[in-house]
Amino acid sequence: MIGKGVIKPSYTERPAYFAGILGMIAAIAGSLLVMGFVGTEAPIKQRALEDLQRSLAQVLPAQLHDNDPSLDTLDQPAEGGAVTRFYRATRARVAVASAFEVEEGGYSGPIRLVMGVSSEGLILGVRVLSHTETPGLGDKIEMAKNDWMLSFNGLSLTNLADERWAVKKDGGQFDQFSGATITPRAVVKAVKKGLLLEQRNRAALSRIETVAPPGLSDSQGERQTQASSQAQGASQSQGALQTQGSRQSQLTETH
Amino acid sequence: MQQHRGFKPLWNKELWQEGLWNNNVVFSQMLALCPLLAVTGTATNGLGMGLISLLVFVISNLLVSMLRGVIPPEVRIPAFVMLIATVVTLVDLMMNAWLHELHQVLGLFIPLIVTNCAILGRAEAFAYKNPVLPSIVDGIAMGLGFTLALVTLGAAREIIGSGTLFANAHLLLGEMFGFLELTVIPNYDGFLLMILPPGAFLMLGFIVAGKRVLERRSTERASAMSPAGC
Chain A
-17 MIGKGVIKPS YTERPAYFAG ILGMIAAIAG SLLVMGFVGT EAPIKQRALE DLQRSLAQVL
43 PAQLHDNDPS LDTLDQPAEG GAVTRFYRAT RARVAVASAF EVEEGGYSGP IRLVMGVSSE
103 GLILGVRVLS HTETPGLGDK IEMAKNDWML SFNGLSLTNL ADERWAVKKD GGQFDQFSGA
163 TITPRAVVKA VKKGLLLEQR NRAALSRIET VAPPGLSDSQ GERQTQASSQ AQGASQSQGA
223 LQTQGSRQSQ LTETH
Chain B
3 MQQHRGFKPL WNKELWQEGL WNNNVVFSQM LALCPLLAVT GTATNGLGMG LISLLVFVIS
63 NLLVSMLRGV IPPEVRIPAF VMLIATVVTL VDLMMNAWLH ELHQVLGLFI PLIVTNCAIL
123 GRAEAFAYKN PVLPSIVDGI AMGLGFTLAL VTLGAAREII GSGTLFANAH LLLGEMFGFL
183 ELTVIPNYDG FLLMILPPGA FLMLGFIVAG KRVLERRSTE RASAMSPAGC
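If you read the sequences in order, they're chains A and B. For the first sequence, my numbering begins at -17 and goes up steadily by one. For the second sequence, my numbering begins at 3 and goes up steadily by one.
Next up, chain A with everything else stripped away, as it sits in the complex:
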């Protein structure tokens, strides 16, 4: 029963015929895909840019700056050969804050955070971009579930002593969640790592060197090739961060 067509192609049963039919279907499928890809390319880029701007707006308060941080980027080497992309917030062309991504292994996969830090080193905001923590336990790091993330606001490496950057169980000052210690511990570690990263790059971040939009200058391209060669041999998660960084750079170029 299975496989009998209603209209039977009785006139040929040669392999070449089958191959031809398959090739024809592949050609139709291919051209449909090309049309779909071309038609959606611009809107998808636009959506990705809006996503970026939305997450940046959450950690860089709008009243602080008068530029579009998603267009003012600076790539700086981070530990382990990875590259961190800083989004700079400026006011009257003076750097006031920056935002960047940090990543740390959580309970069941990487936790990606975006954090905004003022040029004095104070945390303006931290938000989760993606995580795979246990629903109901570790997902209190989402703002939709809990406002625990706000407990970082206003802290810096100077106004909170080094040993206090830990969850309460480890003698620090941050609440852990009932049933989940690993998740908040990872987030605290990531935030502290981010602050150190910002501190190391603060001089570079406050330098406003070009008027030309980023992504067009040659130095930017050089930095990227250098970065991608560095990323080879780096761990997989860093590789993922890297590819995302380069995708975002394409965005800023077309914009």
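Honestly, the hints are just simulated from the structure, not real lab data. Quantities reported herein were computed from a predicted structural model and do not represent experimental measurements. Do not take every clue at face value.
In silico EDC-like links for lysine to aspartate or glutamate, alpha-carbon gap of 20 angstroms or less [claimed, not checked]:
#1 K127/A <-> D157/A
#2 K127/A <-> D191/B
#3 K127/A <-> E16/B
#4 K127/A <-> D94/B
#5 K171/A <-> D129/A
#6 K213/B <-> E16/B
#7 K27/A <-> D50/A
#8 K27/A <-> D94/B
#9 K131/B <-> E16/B
#10 K127/A <-> D152/A
#11 K174/A <-> D152/A
#12 K171/A <-> E124/A
#13 K175/A <-> D144/A
#14 K27/A <-> E103/B
#15 K174/A <-> E83/A
Which residues of chain A face chain B? A few of them, derived with a C-beta cut under 8 angstroms, are [said to hold, decoys possible]:
#16 F0
#17 L14
#18 I26
Using N, Cα and C, we set each Cβ at its ideal position, and we do this for glycine too.
Given the coordinates of chain A, work out where chain B should sit on it, guided by the hints.
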């Protein structure tokens, strides 16, 4: 599975009954469990995944039915897979462009629709043997049956697991459907097992058992009725 002979396609009661109940993709055929278990943490996610699958069901049935005279039986399976993969990829791209919020929630699972054996199954068992219109109706009925399964399972898990129903429905359907978002059990601590994948297996087992009981009762009540489809 079933042979469809009559040509009064659109309101063929049998087709709808098959898709929604008798031969339901999940509850009877036990197919498509991978996306089912993955996305039914909430009823809203289930609904979104169900509607996307419905769309893929209909388009894939339509294409297969249209090309059924062209595709020789010997190469039908690769041809079906190619068509379905194309449809899913296009749906994925279009959702990313125009239904971005939903895509962020379900994005990970959309490529999985390619592996949804139920769609290939319908292409093989129905669309390849039937004209275009009945195939479309079959796609809609099967897709609705799948959506029904996803929403039922999602709602059951969501109510028991987190005490809400249709949380975040406004992301899927727009602000005017915000009224769907209910808190069934206020101040509920949550029952983690139901939200995690094992809960999906457990709840699916209960629902399938419930369906079997209902079916047995109805056959006992009217034993003179025509025998079931499979």
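Hints, one by one, checked against the model:
1. Distance restraint check for K127/A and D157/A: the Cα-Cα separation of roughly 15 angstroms lies within the 20 angstroms cut-off, and the hinted pair is therefore satisfied.
2. Using a Cα cut-off of 20 angstroms, the hinted pair K127/A and D191/B holds, with the two alpha carbons roughly 13 angstroms apart.
3. With a C-alpha separation of about 45 angstroms, the suggested pairing of K127/A with E16/B is violated against the 20 angstroms cut-off.
4. With a C-alpha separation of about 28 angstroms, the suggested pair K127/A and D94/B falls outside the 20 angstroms cut-off, and the hint is violated.
5. This hinted pair checks out: K171/A and D129/A have alpha carbons roughly 18 angstroms apart, not beyond 20 angstroms.
6. Among the hinted pairs, K213/B with E16/B is consistent with the structure: their alpha-carbon atoms are about 19 angstroms apart, no more than 20 angstroms.
7. For the hint pairing K27/A with D50/A, the CA-to-CA distance comes to about 17 angstroms; that is within 20 angstroms, so the pair holds.
8. A hinted pair counts as satisfied when its Cα atoms are at most 20 angstroms apart, and K27/A with D94/B qualifies at roughly 14 angstroms.
9. With a C-alpha separation of about 16 angstroms, the suggested pairing of K131/B with E16/B holds against the 20 angstroms cut-off.
10. The suggested pairing of K127/A with D152/A is violated, with an alpha-carbon distance near 24 angstroms, which exceeds 20 angstroms.
11. With a C-alpha separation of about 15 angstroms, the suggested pairing of K174/A with D152/A holds against the 20 angstroms cut-off.
12. With a C-alpha separation of about 17 angstroms, the suggested pair K171/A and E124/A falls inside the 20 angstroms cut-off, and the hint holds.
13. Proposed proximity of K175/A and D144/A is supported: the alpha carbons are some 12 angstroms apart, at most 20 angstroms.
14. Proximity of K27/A to E103/B is assessed by CA-CA distance (about 14 angstroms); at most 20 angstroms being required, the pair is judged to hold.
15. Under the criterion of a C-alpha separation no larger than 20 angstroms, the hint pairing K174/A with E83/A is consistent with the structure, at around 12 angstroms.
16. Using the Cβ-Cβ criterion of 8 angstroms, the hint placing F0/A at the interface with chain B is satisfied: the shortest such distance is roughly 4 angstroms.
17. Look at L14/A: its Cβ gets to within about 6 angstroms of chain B, closer than 8 angstroms, so that hint holds up.
18. Interface restraint check: I26/A against chain B, minimum CB-CB distance 5 angstroms, threshold 8 angstroms, status holds.
Hint check: violations occur at hints 3, 4 and 10; the rest are consistent with the structure.
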